[in-house]
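Participant: Sequence:
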Amino acid sequence: MLNDLNKEKAPSRRVSSLEAAGIKVATSPPTVRKKTPVLPSPISTARTSRSHNAGIRTPNSAASPVIPSRLAKTPPLKSRLTPSNSKDTASLKRKIYNSSTTRRSSDILSSNSSTSSIKLTPTTSKTSNTGCASITSVKKSLVVEELKDKYQEAQVALATKDSILKEREADLKDTKLKLEHLQFELEQQILANKCRIDEKVYLDQLHEQQQQFIILKQSLENEKSDILLKQEVIEQKNRQDLENLREKLEIEKGLLNNTIIEKNRNIEKLNHELNEMRDNIKEMHQAHQTRLTVMSNQLESKYEHRITQLLEQINASELQKKQIKQNFNAEKTQKHLEIELENQKQLNEAHDLEMQSIKSELIQVQSKYQELLKQNVNIKMLKDHQIIVETALETEKLKYINLVTKYDDLAKKKEHDYSDLQHEINELQITNDELKDKVLQYEYNEKLHVDEIRKLKMANTNTSKLKSTLKYQQLQEEQILKEIDIVKHELNEDFKQKLLVQKAAYTKETAQFQDEIDKLQFELNVCIEKLDQSKKNLTKQSILNETFTYKRDCDLHGDDSEYRLLVLQHQKELNVLQEQFQSILDAKDDQINGLVYKVKQSQYEEKEAIMDDNYNELHNVGLLVTQW
Numbered sequence: 001m002l003n004d005l006n007k008e009k010a011p012s013r014r015v016s017s018l019e020a021a022g023i024k025v026a027t028s029p030p031t032v033r034k035k036t037p038v039l040p041s042p043i044s045t046a047r048t049s050r051s052h053n054a055g056i057r058t059p060n061s062a063a064s065p066v067i068p069s070r071l072a073k074t075p076p077l078k079s080r081l082t083p084s085n086s087k088d089t090a091s092l093k094r095k096i097y098n099s100s101t102t103r104r105s106s107d108i109l110s111s112n113s114s115t116s117s118i119k120l121t122p123t124t125s126k127t128s129n130t131g132c133a134s135i136t137s138v139k140k141s142l143v144v145e146e147l148k149d150k151y152q153e154a155q156v157a158l159a160t161k162d163s164i165l166k167e168r169e170a171d172l173k174d175t176k177l178k179l180e181h182l183q184f185e186l187e188q189q190i191l192a193n194k195c196r197i198d199e200k201v202y203l204d205q206l207h208e209q210q211q212q213f214i215i216l217k218q219s220l221e222n223e224k225s226d227i228l229l230k231q232e233v234i235e236q237k238n239r240q241d242l243e244n245l246r247e248k249l250e251i252e253k254g255l256l257n258n259t260i261i262e263k264n265r266n267i268e269k270l271n272h273e274l275n276e277m278r279d280n281i282k283e284m285h286q287a288h289q290t291r292l293t294v295m296s297n298q299l300e301s302k303y304e305h306r307i308t309q310l311l312e313q314i315n316a317s318e319l320q321k322k323q324i325k326q327n328f329n330a331e332k333t334q335k336h337l338e339i340e341l342e343n344q345k346q347l348n349e350a351h352d353l354e355m356q357s358i359k360s361e362l363i364q365v366q367s368k369y370q371e372l373l374k375q376n377v378n379i380k381m382l383k384d385h386q387i388i389v390e391t392a393l394e395t396e397k398l399k400y401i402n403l404v405t406k407y408d409d410l411a412k413k414k415e416h417d418y419s420d421l422q423h424e425i426n427e428l429q430i431t432n433d434e435l436k437d438k439v440l441q442y443e444y445n446e447k448l449h450v451d452e453i454r455k456l457k458m459a460n461t462n463t464s465k466l467k468s469t470l471k472y473q474q475l476q477e478e479q480i481l482k483e484i485d486i487v488k489h490e491l492n493e494d495f496k497q498k499l500l501v502q503k504a505a506y507t508k509e510t511a512q513f514q515d516e517i518d519k520l521q522f523e524l525n526v527c528i529e530k531l532d533q534s535k536k537n538l539t540k541q542s543i544l545n546e547t548f549t550y551k552r553d554c555d556l557h558g559d560d561s562e563y564r565l566l567v568l569q570h571q572k573e574l575n576v577l578q579e580q581f582q583s584i585l586d587a588k589d590d591q592i593n594g595l596v597y598k599v600k601q602s603q604y605e606e607k608e609a610i611m612d613d614n615y616n617e618l619h620n621v622g623l624l625v626t627q628w
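Last residue of the sequence shown: number 628 in the UniProt record's numbering, and the count goes up by one each step with no gaps.
Among the clues, some could well be false.
What the hints assert, rightly or not - Across the chosen pairs, the derived CB separations fall in these ranges:
| no. | residue 1 | residue 2 | range |
| --- | --- | --- | --- |
| 1 | D515 | L255 | 17 to 27 Å |
| 2 | L177 | L216 | 51 to 61 Å |
| 3 | D515 | Q479 | 31 to 41 Å |
Unchecked claim - Once the Cα atoms are required to be at most 20 Å apart in a straight line, the calculated PhoX-like pairs of lysine-lysine come out as:
| no. | residue 1 | residue 2 |
| --- | --- | --- |
| 4 | K412 | K248 |
| 5 | K412 | K253 |
| 6 | K508 | K282 |
| 7 | K540 | K263 |
| 8 | K224 | K447 |
| 9 | K540 | K282 |
| 10 | K150 | K140 |
| 11 | K508 | K253 |
| 12 | K540 | K530 |
Calculated directly from the structure, the hints in this document are not laboratory data. Every value quoted in this text rests on a predicted model; they were computed, and no experiment measured them. The beta-carbon is built from N, C-alpha and C at its ideal position, and this holds for glycine as well.
All chains should be built: construct the whole structure from the sequences, respecting the hints.
Facilitator: Put into structure tokens, the structure is as follows:
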């Protein structure tokens, strides 16, 4: 029995050794049959559990030993055997089981027959005890023989099973090697198929990307050609605009030259008229001075004659007084009072006569004063003439202001034209920005394409053609960039030269205008100074004449208050008129200076604006060129 148990454990150990070796055995579906023993397979991966069922007893097995059943059911074993091997093992198991069962059945029949024979002899009851011992010994011998036969059969079966196991192990090793080889081949085939599929996918992607790259390249070339055409159109527009501006500036320059010539003619006419006015004023002044001198000489002669008469009368009266005193001293009589009274009466009469003569003289002086007032009226006429001259100057100033306004209008027109040009430049800049965005989008797409190509380079080793194409494209791009740099440089130089020419022409024109304005201003200032000087001379002369007459009248009349008041009032009026005239002249000078300052400021602002605009245009053109 121990041998049987060892025989049953051996295949389980072998199976565990195979399992420990890492051989995976495929599970076959279990075939369960009634009352058919399932032998343990040598290729099982799990340990076979021993059956704990009771051994099979014979009918007379009261004292017989228990035979362990070999027919215990074992769990289904995992094996990688082919169906043919499993069938062979099943046939062997059936043969062994059938032989053992036939023998056991024969033994059981023999034992039953023996027992039945023993039981059928009732007369032999006394000899049963001895017979039982012999029968038991015979049974034991039979059992031993059966056991020996079974042992031999088991050994034969074990030998056959060992041989079969060895064959199966060899077959398993072969199948394992075949399986490994097949698995390796399958893995290689799978990898090859995967590589082929990946290569096909990568080749398709490369083909698509090459087509996309060709399309993008064509679109880039088209966009570049469009950009160059637009650039040419823009340059032509700029040239046309510059030519139009030059023509406009030349036309304006011609108009300004014509206006300047006309203004110079007008200025010459005004200068001629001013000279005539000056001559007339000088003649009037000389005539007025001659009249004043004649009148003053006449008045002086009359006053001297009157003074001599008064002195003679005073001397005569003094002589009479002396005579009266002598008579009074000589007579010393009462007639002295009468004489004195008479003398007083005479003196009163003489005084009355003198008063009447003085009144007549005052009337004459008043008439003379009226004549002087008439002369002052003549002076007022001169002043009116001066006012006329001033109005002429004001008209000239208004003409000058009109010139300034025309100049401002021309400047505004220039600013309007410049704003239009700036608007066009802004539109061109917007179009350039759009083109720039397109170029940036194309560069971004190209970068993505380059990144994808790089990834494909890393994935594929056979990409020398792509490298060559990329190098060729890089060389083309470098050539295009070099051409763009050359075009940029040429455009910058042309634009700078044009700007320098325009700046020089503009500075020359502004300098000419400024020189002409300065000349006109200088001539106006000279005329104003001459007028002021003539006015000052006239006022000084009138003041001197008035002071002289005032002093003379004071000497004659002894500070007559009415005459003084009239002279002072007249002098105040003259001073007020002079101050008003001076304030008007100052206001006009301030207006002229303000206009000149405004003109200069506008010119300076226009220069700065033009410089800033030119700088901005240069900067924008540089940026556009760099972006292209």
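Participant: With reference to the structure, classify each hint as holding or not holding.
Facilitator: A quick look at each hint next to the structure:
Between D515 and L255 the beta carbons are some 18 Å apart, a value that agrees with the proposed interval 17 to 27 Å. Taking 51 to 61 Å as the suggested C-beta distance range, the pair L177 and L216 conforms, at roughly 56 Å. Against the hinted window of 31 to 41 Å, the Cβ-Cβ separation of D515 and Q479 comes to about 54 Å, which falls outside the hint. Our distance criterion of 20 Å between C-alpha atoms is met by K412 and K248, whose separation comes to about 13 Å.
Between K412 and K253 the CA atoms are separated by roughly 15 Å; this keeps the pair inside 20 Å, and the hint holds. With a C-alpha separation of about 42 Å, the suggested pairing of K508 with K282 is violated against the 20 Å cut-off. For a cut-off of 20 Å, the pair hint linking K540 to K263 is broken: about 35 Å separates their Cα positions. For the hint pairing K224 with K447, the CA-to-CA distance comes to about 18 Å; that is within 20 Å, so the pair holds.
Between K540 and K282 the alpha-carbon distance is near 15 Å, which keeps this suggested pair within the 20 Å criterion. Between K150 and K140, the direct Cα distance comes to roughly 15 Å. Compliance with the 20 Å bound is thereby established for this hinted pair. With a C-alpha separation of about 11 Å, the suggested pairing of K508 with K253 holds against the 20 Å cut-off. For the hint pairing K540 with K530, the CA-to-CA distance comes to about 15 Å; that is within 20 Å, so the pair holds.
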